[in-house]
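Student: When you get a sec, could you build the whole thing from the sequences and use the hints?
Number of protein chains: 6
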Amino acid sequence: MDSKKRGFYIGRFQPFHLGHLKVIGEIAKQVDELVIGIGSAQLSHTPDNPFTAGERIMMISRSLKGLDLYYYVIPISDIYRNALWVAHVRSMTPPFSTVYSNNPLVSRLFREAGYEVAYSPMYNRHEYSGTEIRRRILAGEAWETLVPEAVVEVIREIKGVERLKAVSVKGDIEDVIDGVP
Amino acid sequence: MDSKKRGFYIGRFQPFHLGHLKVIGEIAKQVDELVIGIGSAQLSHTPDNPFTAGERIMMISRSLKGLDLYYYVIPISDIYRNALWVAHVRSMTPPFSTVYSNNPLVSRLFREAGYEVAYSPMYNRHEYSGTEIRRRILAGEAWETLVPEAVVEVIREIKGVERLKAVSVKGDIEDVIDGVP
Amino acid sequence: MDSKKRGFYIGRFQPFHLGHLKVIGEIAKQVDELVIGIGSAQLSHTPDNPFTAGERIMMISRSLKGLDLYYYVIPISDIYRNALWVAHVRSMTPPFSTVYSNNPLVSRLFREAGYEVAYSPMYNRHEYSGTEIRRRILAGEAWETLVPEAVVEVIREIKGVERLKAVSVKGDIEDVIDGVP
Amino acid sequence: MDSKKRGFYIGRFQPFHLGHLKVIGEIAKQVDELVIGIGSAQLSHTPDNPFTAGERIMMISRSLKGLDLYYYVIPISDIYRNALWVAHVRSMTPPFSTVYSNNPLVSRLFREAGYEVAYSPMYNRHEYSGTEIRRRILAGEAWETLVPEAVVEVIREIKGVERLKAVSVKGDIEDVIDGVP
Amino acid sequence: MDSKKRGFYIGRFQPFHLGHLKVIGEIAKQVDELVIGIGSAQLSHTPDNPFTAGERIMMISRSLKGLDLYYYVIPISDIYRNALWVAHVRSMTPPFSTVYSNNPLVSRLFREAGYEVAYSPMYNRHEYSGTEIRRRILAGEAWETLVPEAVVEVIREIKGVERLKAVSVKGDIEDVIDGVP
Amino acid sequence: MDSKKRGFYIGRFQPFHLGHLKVIGEIAKQVDELVIGIGSAQLSHTPDNPFTAGERIMMISRSLKGLDLYYYVIPISDIYRNALWVAHVRSMTPPFSTVYSNNPLVSRLFREAGYEVAYSPMYNRHEYSGTEIRRRILAGEAWETLVPEAVVEVIREIKGVERLKAVSVKGDIEDVIDGVP
Chain A
-12 MDSKKRGFYI
-2 GRFQPFHLGH
8 LKVIGEIAKQ
18 VDELVIGIGS
28 AQLSHTPDNP
38 FTAGERIMMI
48 SRSLKGLDLY
58 YYVIPISDIY
68 RNALWVAHVR
78 SMTPPFSTVY
88 SNNPLVSRLF
98 REAGYEVAYS
108 PMYNRHEYSG
118 TEIRRRILAG
128 EAWETLVPEA
138 VVEVIREIKG
148 VERLKAVSVK
158 GDIEDVIDGV
168 P
Chain B
-12 MDSKKRGFYI
-2 GRFQPFHLGH
8 LKVIGEIAKQ
18 VDELVIGIGS
28 AQLSHTPDNP
38 FTAGERIMMI
48 SRSLKGLDLY
58 YYVIPISDIY
68 RNALWVAHVR
78 SMTPPFSTVY
88 SNNPLVSRLF
98 REAGYEVAYS
108 PMYNRHEYSG
118 TEIRRRILAG
128 EAWETLVPEA
138 VVEVIREIKG
148 VERLKAVSVK
158 GDIEDVIDGV
168 P
Chain C
-12 MDSKKRGFYI
-2 GRFQPFHLGH
8 LKVIGEIAKQ
18 VDELVIGIGS
28 AQLSHTPDNP
38 FTAGERIMMI
48 SRSLKGLDLY
58 YYVIPISDIY
68 RNALWVAHVR
78 SMTPPFSTVY
88 SNNPLVSRLF
98 REAGYEVAYS
108 PMYNRHEYSG
118 TEIRRRILAG
128 EAWETLVPEA
138 VVEVIREIKG
148 VERLKAVSVK
158 GDIEDVIDGV
168 P
Chain D
-12 MDSKKRGFYI
-2 GRFQPFHLGH
8 LKVIGEIAKQ
18 VDELVIGIGS
28 AQLSHTPDNP
38 FTAGERIMMI
48 SRSLKGLDLY
58 YYVIPISDIY
68 RNALWVAHVR
78 SMTPPFSTVY
88 SNNPLVSRLF
98 REAGYEVAYS
108 PMYNRHEYSG
118 TEIRRRILAG
128 EAWETLVPEA
138 VVEVIREIKG
148 VERLKAVSVK
158 GDIEDVIDGV
168 P
Chain E
-12 MDSKKRGFYI
-2 GRFQPFHLGH
8 LKVIGEIAKQ
18 VDELVIGIGS
28 AQLSHTPDNP
38 FTAGERIMMI
48 SRSLKGLDLY
58 YYVIPISDIY
68 RNALWVAHVR
78 SMTPPFSTVY
88 SNNPLVSRLF
98 REAGYEVAYS
108 PMYNRHEYSG
118 TEIRRRILAG
128 EAWETLVPEA
138 VVEVIREIKG
148 VERLKAVSVK
158 GDIEDVIDGV
168 P
Chain F
-12 MDSKKRGFYI
-2 GRFQPFHLGH
8 LKVIGEIAKQ
18 VDELVIGIGS
28 AQLSHTPDNP
38 FTAGERIMMI
48 SRSLKGLDLY
58 YYVIPISDIY
68 RNALWVAHVR
78 SMTPPFSTVY
88 SNNPLVSRLF
98 REAGYEVAYS
108 PMYNRHEYSG
118 TEIRRRILAG
128 EAWETLVPEA
138 VVEVIREIKG
148 VERLKAVSVK
158 GDIEDVIDGV
168 P
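Line order of the protein sequences matches chains A, B, C, D, E and F.
Sequential numbering of the first sequence, starting at -12, is according to my numbering.
Sequential numbering of the second sequence, starting at -12, is according to my numbering.
Sequential numbering of the third sequence, starting at -12, is according to my numbering.
Sequential numbering of the fourth sequence, starting at -12, is according to my numbering.
Sequential numbering of the fifth sequence, starting at -12, is according to my numbering.
Sequential numbering of the sixth sequence, starting at -12, is according to my numbering.
Think of the hints as simulated: they come from the structure by calculation, not from any bench.
Computed from a predicted structure; not experimentally measured.
Among the clues, some could well be false.
No distinction is drawn between identical chains; accordingly, a pair holds when it is met within one copy or between any pair of copies.
Computed list of lysine-lysine pairs in BS3-like fashion (alpha-carbon distance at most 25 Å, straight line) [said to hold, decoys possible]: (1) 52 - 16; (2) 146 - 157; (3) -8 - 16; (4) 146 - 52; (5) 157 - 9; (6) -9 - 146; (7) 52 - -8.
Tutor: Printed below as a string of structure tokens:
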């Protein structure tokens, strides 16, 4: 293909946080261009996946403004067939040579397909974690320091805190109408 | 649209019970017509979803005979994309203006789409619960008083007790053939 | 249909083991031909379903070489609609009259469709179990004595032990990139 | 099942017309209850399938008000697997014993599944035809006499004429943006 | 992988005919084992695809009895994503090194994936053609000489001639019920 | 939402050509940011849709380098449900207020959803047409002047001319193996 060195980095970004941003900053030193895949793009409005792909694109694009990196942000919907997943990703993205991932399944699937997989650098993973940030939002604890300022803005604009709380409610209430949909 | 006030009420109705019936009776006082959606219509023969959509239509239609209400009963299959769910429901139903639901996700999705969502009235939710009724059926306890007489009939006709027990069996046996399908 | 007595036996075969082999040996005495369905054919590269349908076909075909039985091995992908599952199986297989299964759901679905369901003979089910074999592989314990020699070979050829371990890793690491796909 | 004689009649109803109405009137004399399936329920906004399932339900329900018949109107989405279609219909509908259809494929599929299929009575099929009615709407010719008054109303309420014309436009224009979606 | 030379040959086999049989006979001389894929496995009961995957498996298995070749017959359902098709085939089949195909798309997809593609030998393609055989069946012309004797038997057993004629009927009749499903 | 004026423009871009580029140049004067949707993103390797979504992203991104416009390029896979299409697009994209489209269906769907739809400016549509460009490539006529230089490069890198010719071959050959997949 072309002579550019292009990397691939994928996450669910629920939400995009400072850990992601720092990883991308490190990868930026090693590649000419970066393809950022938004995993489980079709999911939204659940406790683990509150934000749509479009909202996550907003978070990432605004957070990366100013970064000296040519990047693509591409939603990758789940296909529920691991053996086809790499072909699926390839069909939706510009060609890349290196995959940056610490996720065991992602690493394995790309390695079986012959790709070079580099461990992505990591930071304070106990705080910089989507799970932790969603927990703090629900608990009413401070979470804004764990994400880029642009992400705070996007979540405010889409009323994301209100949405996450609404879709996370549980309890006896559901029994009456049998928990739909 | 037309001048009728039409409401929307959705449940999985596994099975339809007296709690549902009472809620519908209350809603009937507030609307001209009611659209009743059968959620997770594609599911059946599981411990949580033993009955087909067609069987649930039977339960509802027979139970509502005699009620002074013009209603529609419409199966709504899951699409596993929350962001598209309201559009999916709308495409399958006559137009409605008010949604009756206590389910947090249903409420949130319709509210984000601009619908009025009314809390549906509730009754003894510990007994009038699909989960409780299925538990009693499996345990051999009395459950018939929690559902309309018509539902007892339908479950008898389709051998629903036998089916629920059959699909709820667990244990080592499954290991031998690795639990299919 | 034709005059052959044909049986149907389905499993996920993750992996194919000596319990399966013995069951097939017993069924072989009762039928002219056997249709072997590979359940959840579309799954692979997960802790519970590490092997592709193609790899499972290899395991079965090699293990049955030498057995005096005319058989078919057919991948059956999940359709997530129990009420359609028997029709799905029928459309993908030669016609059969008897189903051999201890799985409660499989038995129930075929019985509701009017099929004869025979309990398949069983052997030491605590050891001859896919769950147990996958556990031993992960724990580094001896598992090779629980499967046919041909299965040991196939798993070695496809680096199956390495794959199962890779896709079974869990932990904090996933938080950083939010566990995709 | 229950002792009611229930029939099944399916069409795409794009739109529901007087031919359909007369057929239903005839069937009404032969059954206790009628299950009306709305085929290709997922389609809308195309030249051949302009109306949503919900809109078609409206057409049918309003047109049948006053008819002395207990009926169910149920959307049936395509599954693109003919061998599973009868099981799909069955899972979504109350049980029925007789199928009324002149459609060769529908007849064949139900016959292979062991159902009794009765030819439905027919009327002036050159005029009472969805194809003809959609052609007249597009051509600006009189079509209102071919459908029940209630259908004229529904199509007016949903601006159906405008929609059908909009989605039927063809020509060079599409080339510029390459005809999406 | 293993040391066997394995080939891959795919067709829709609607029905399996003498052209297919001769091609397989030729390929048999060049490989140790042959993987036969049944394309568009999910289709049946249409004018172009009258037979189910299971029926096609019967045709092939019976026709190849006596041939000195170890082969696998595997249904391959369409996934409607060309860029994923090779990965899909690979996941459902034992590993193979050579693809035998004259189909331009099949050849191209496997070549882009790095496979060796051999032109399959051909015979009188005007007669040995599924299209021609289906045409003859519909026209009441002699077709039995174009297929193996076993295929004539299978088609008789499943009443395939009657089915093909039934699903191929066209005309004004469809207008009345608007051509479902 | 945010205060940016954002537009939406969608095409299949098979391939991206100078007509598209000029339209985008015009839209650029009217919006702060532009969301470019790649329609039918899941299709590739067909005569009408030869290029993958990833390849089309490459064409667009390289062609727009130098243009003073902040834009997003987002693959939009078909969902085959017109009534859900706008919700699908919305879930995958940053929010936008104006749709630029001459396509009648796209216009209609967005208008029914309450969006402002602007006619996009047009240029010599007989030449600047994906259909015409694909025809010229197949016929061996000059096509390079109809697309941006960057698109010529991308098509060369991916051997697009060779691919389009390979997947466009027709004829008797297909009969032998019955035209798969």
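Student: What label fits residue 146 with residue 157 when the C-alpha limit is 25 Å: within, between, both, or neither?
Tutor: Within one copy only: 20 Å inside a chain, 32 Å across chains, cut-off 25 Å.
Student: When Cα atoms must be at most 25 Å apart, do residue 146 and residue 52 count as within-copy, between-copy, both, or neither?
Tutor: within (22 Å within a copy, 34 Å between copies)
Student: Indicate which option fits the pair residue -8, residue 16 if close means a Cα-Cα distance not exceeding 25 Å: within, between, both or neither.
Tutor: Within one copy, since 11 Å is at most 25 Å while 33 Å is not.
Student: Within, between, both or neither: how does the pair residue 157, residue 9 come out at a Cα-Cα threshold of 25 Å?
Tutor: Classified as between; 23 Å across copies, 35 Å inside a copy.
Student: Is it within a copy, between copies, both, or neither that the alpha carbon of residue 52 lies no farther than 25 Å from that of residue 16?
Tutor: both (16 Å within a copy, 21 Å between copies)
Student: Taking 25 Å as the upper bound on the Cα-Cα distance, should residue -9 and residue 146 be classified as within, between, both, or neither?
Tutor: between (39 Å within a copy, 18 Å between copies)
Student: When no copy is named, should residue 52 and residue -8 be tagged within, between, both, or neither for a Cα gap of at most 25 Å?
Tutor: Cα proximity of residue 52 and residue -8: in one copy and across copies (21 Å, 18 Å).
Of the numbered hints given earlier, the model fails none.
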